[in-house]
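Number of protein chains: 2
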Amino acid sequence: MAETRIDIAQESRLIALLLDRQQATKFRQQFLNFHVHEQALIFVELNLIQRQRLYRYLTSAKVAAIFNELDSADVTSAYFKEMAPKYAAAVISAMYTDNAVDMLETAAAADLSTYLKYIAPKKAATIRKLLHYQAKTAGAIMATEFIKLTGDQTAAAAMQLVKLQARQAEIIYYVYVVDQMDRLTGIVTLRDLLTAPGESSVAQLMTSPAVSVKVDDNQEDVARMISDYNFVALPVVDADEKLIGVITVDDAIDVIDEESAEDYSGLAGVDIDEQKDNPWQAAFKRLPWLITLLLLGMSTASLVAHYDQMVSEASILAVFISSITGTAGNAGTQSLAVAVRRLADPEADRRSLGKIILTEILTGMMIGLITGLAIMLIVGWWQQNIVLGFVIGLAMFCAIIVANLAGSLIPLLMDKIGVDLAVASGPFISTLSDLTSVLIYFNIAKIFLQFIISD
Amino acid sequence: MAETRIDIAQESRLIALLLDRQQATKFRQQFLNFHVHEQALIFVELNLIQRQRLYRYLTSAKVAAIFNELDSADVTSAYFKEMAPKYAAAVISAMYTDNAVDMLETAAAADLSTYLKYIAPKKAATIRKLLHYQAKTAGAIMATEFIKLTGDQTAAAAMQLVKLQARQAEIIYYVYVVDQMDRLTGIVTLRDLLTAPGESSVAQLMTSPAVSVKVDDNQEDVARMISDYNFVALPVVDADEKLIGVITVDDAIDVIDEESAEDYSGLAGVDIDEQKDNPWQAAFKRLPWLITLLLLGMSTASLVAHYDQMVSEASILAVFISSITGTAGNAGTQSLAVAVRRLADPEADRRSLGKIILTEILTGMMIGLITGLAIMLIVGWWQQNIVLGFVIGLAMFCAIIVANLAGSLIPLLMDKIGVDLAVASGPFISTLSDLTSVLIYFNIAKIFLQFIISD
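Chains as they are written, first to last, in the UniProt record's numbering: chain A, 1 to 455; chain B, 1 to 455.
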């Protein structure tokens with residue numbers, strides 16, 4: 001950790017103590033000295049009584065600043081319920097609309113109406129509107145505090161506007177240029193305004209057409225775009241090209257982080273952000289997957305049972321089941337991880353689908369060949385049985401090719417048909433590959449059975 | 001994909017055509033109309049002859065802007081070798097220092113000396129210095145173009161400085177305040193400068209102490225800090241607290257992305273960013289892991305071979321090897337993924353180590369109990385053998401607890417001793433858990449063997 005960071009646990013205890021003792025002045029001195037992000041970290045460590053004192057000791061604007069910084073895990077309307085409705089409304093008003101909306105999403109309809117009653121009609125209408133955008137779209141994460149003007153204004157007038165709105169706007173580094181219909185026509189950076197002669201027109205200075213996103217675009221695409229283009233903010237337009245919001249880079253980071261956590265979760269068949277739960281909750285979250293896979297795994301077991309007679313005759317066959325299923329499963333997981341990553345960042349790989357699949361088949365053949373040869377030599381030497389070695393090696397070769405194809409094709413197919421099924425997960429691929437591997441193994445073994453036993 | 005994005009493949013073909021036909025003017029018209037990030041995407045699609053024409057048709061400043069936008073995968077000094085050394089030096093000079101240094105890292109010492117000869121001594125010295133910072137530290141990703149002044153200046157003077165340096169500075173939204181010794185004492189935002197009265201002193205306006213990082217801090221910690229604090233940039237100081245650079249949010253996103261790709265790679269035992277390689281290269285990258293795991297898996301095989309006699313007597317035991325190893329492996333992978341995520345974002349979980357481990361043991365017991373009971377009932381009913389069911393169930397219970405502990409403890413231990421070993425990977429945990437699962441299974445089976453056979 002960087003050294004300038006404070007010890008949150010220790011500072012939280014101190015702040016809690018000041019609140020317990022009702023030392024309002026000393027609390028304010030200490031607490032407001034922290035960066036607002038640190039204030040948020042301390043805030044979530046407080047208990048109900050301490051929080052209610054904090055609401056009393058701080059202005060609604062200060063509380064709003066803290067709430068703007070809350071981690072997604074801590075974003076909840078429960079905090080508003082602890083306040084007098086009027087104070088809650090003041091906090092909501094002072095927050096950036098996108099953050100306020102995130103928190104209000106969990107509020108009961110009755111509570112929401114009460115808060116909105118105390119909020120200026122225009123802001124209340126914006127909040128209502130933003131609450132209706134679908135989760136995980138640009139609309140759901142955009143802010144509505146931005147600076148806009150028409151192209152016929154001068155650079156000096158634009159600078160004046162920036163100065164006036166600097167306190168309210170979530171982002172002041174871009175000024176958005178719109179036409180009479182409020183349609184986005186261009187973007188001027190603050191850098192341009194600062195260096196341009198005051199009398200030059202905004203239309204001359206602006207970059208046009210502006211790169212923008214649609215309100216119903218997927219949040220991951222939007223975040224990738226901000227990251228790829230190195231933007232600090234990206235404008236959001238509606239179906240009529242009207243400018244209705246901006247998405248800032250800090251929201252983009254959160255989305256990228258959230259989406260990569262989702263991809264991980266997919267790889268491992270578990271919600272990796274479960275951390276805060278107790279063991280029973282954690283177990284019940286993980287169990288459905290495990291039980292499903294166990295049942296799927298029973299088909300592998302019943303397949304082995306089907307070949308029971310053969311295993312009795314040549315119990316040595318049982319020895320290598322786990323080697324073949326294990327290695328094929330590992331190879332399948334590798335190819336799954338590469339495919340999942342490719343889907344997450346399409347720009348990283350601009351090859352055609354056919355070429356990707358061909359590469360994966362060739363990779364699987366290569367891996368299967370070398371791994372198959374390796375195990376053939378090991379088994380042949382260890383068991384002094386070259387036919388057995390050949391059977392194991394050939395089964396490994398085939399099982400790996402199948403596992404690699406499954407690992408790369410399943411996520412691609414899921415993506416094509418547009419569903420986000422958990423079957424594109426490492427454990428699923430491993431379990432599926434167990435089944436195909438055993439099937440391949442015993443069928444090859446059956447052909448050579450008499451040589452294995454007699455050899 | 002957002003709709004405003006252009007079709008890079010198509011536009012690249014058009015641009016390539018214009019270069020092939022040597023239509024300089026038309027090329028400039030079309031090409032410079034794209035966003036610089038899009039120019040970079042098109043640039044990497046061109047061939048050597050096309051690129052050399054592009055260098056001739058564009059100023060070094062335009063080429064520098066493109067190079068500033070190159071993806072990490074495309075960052076290479078090879079492009080400089082295609083240019084006349086003097087032109088290369090001009091491009092390097094016009095790039096942001098951090099990006100120039102990234103590209104020069106792959107340059108031969110002789111080439112580097114040649115370029116630096118043509119670069120202004122001060123900039124050349126900075127480049128030399130940055131090239132010496134260790135990879136993956138704050139020093140290696142920081143930029144040196146920032147705006148600084150002393151606290152006794154006025155807001156008006158500061159604004160003047162921002163205007164003067166707006167073109168060169170990589171970031172203009174923060175002005176850094178230093179003392180006579182060049183030590184960082186505070187930060188003033190452009191927002192503050194814009195809204196403050198011109199005569200107010202910078203010392204009054206600044207936030208102090210400033211949140212900063214040390215030059216040798218790990219890049220992942222720095223990136224997390226930028227993301228947590230919602231900074232657009234973060235100052236970097238040396239051991240004497242002297243301000244020497246800034247890290248911008250766009251670099252932080254790249255680092256977060258890169259590090260999460262590394263974590264994925266760890267989970268799956270594969271370099272997930274291998275996409276651009278051909279199948280042979282891909283296979284040879286994946287093989288070392290697979291062969292290592294295969295050899296480790298041979299110990300599982302030899303363990304089964306050790307119990308050969310028992311399997312001959314009760315071949316039904318072979319049927320459930322894959323169910324037990326598979327389920328334990330899946331449970332271990334889940335617990336590994338949760339642990340890896342926890343390590344990547346320490347802020348997400350502020351519980352003590354002991355509590356984390358206790359939770360994981362309890363979770364494992366709970367999962368083991370329910371999964372064990374489930375398979376006991378299934379096997380008991382299917383095979384009409386309740387003792388066999390009990391043996392499988394008990395083995396499953398124990399194997400899952402061990403796998404869960406391994407999945408959560410191994411990454412924690414690796415992190416504690418500070419090494420980044422690939423043993424904290426899903427495939428490794430699965431393969432290790434195969435071994436312990438089989439050991440547990442056969443030892444339990446041995447105790448109940450006579451009942452299984454006679455039942």
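Check before you lean on any hint, since a few could be wrong.
The list treats identical chains as interchangeable, and a pair is accepted whether it falls inside one copy or across any two copies.
Once the Cα atoms are required to be at most 27 Å apart in a straight line, the calculated BS3-like pairs of lysine-lysine come out as [to be verified]: (1) K446 / K136; (2) K148 / K355; (3) K117 / K214; (4) K122 / K285; (5) K163 / K148; (6) K129 / K26; (7) K355 / K285; (8) K148 / K26.
Read the hints as simulated data drawn from the structure, not as lab findings. Quantities reported herein were computed from a predicted structural model and do not represent experimental measurements.
Structure-based check of all given hints:
Taking identical chains as interchangeable, the C-alpha atoms of K446 and K136 are never at most 27 Å apart, the minima being 52 Å within one chain and 54 Å between chains. In this homomeric assembly, K148 and K355 never come within 27 Å of each other (Cα to Cα): the closest approach is 46 Å inside a single copy and 51 Å across copies. In this assembly of identical chains, K117 and K214 lie within 27 Å of each other by CA distance neither inside one copy nor across copies; the values are 30 Å within and 49 Å between. Within a single copy, K122 and K285 get their C-alpha atoms no closer than 42 Å, and across copies no closer than 58 Å, so neither meets the 27 Å cut-off.
Within a single copy, K163 and K148 get their C-alpha atoms as close as 13 Å, and across copies as close as 22 Å, so both meet the 27 Å cut-off. For a Cα distance limit of 27 Å, the shortest separation of K129 from K26 qualifies neither inside one copy, at 41 Å, nor across copies, at 46 Å. In the homo-oligomer, the alpha carbons of K355 and K285 lie at most 27 Å apart only across protomers (19 Å), although the nearest pairing inside one protomer, at 38 Å, exceeds that limit. In the homo-oligomer, the alpha carbons of K148 and K26 never lie at most 27 Å apart, since the shortest distance is 42 Å inside one protomer and 33 Å across protomers.
In summary, the structure is inconsistent with hints 1, 2, 3, 4, 6, 8 from the numbered list given earlier, while agreeing with the others.
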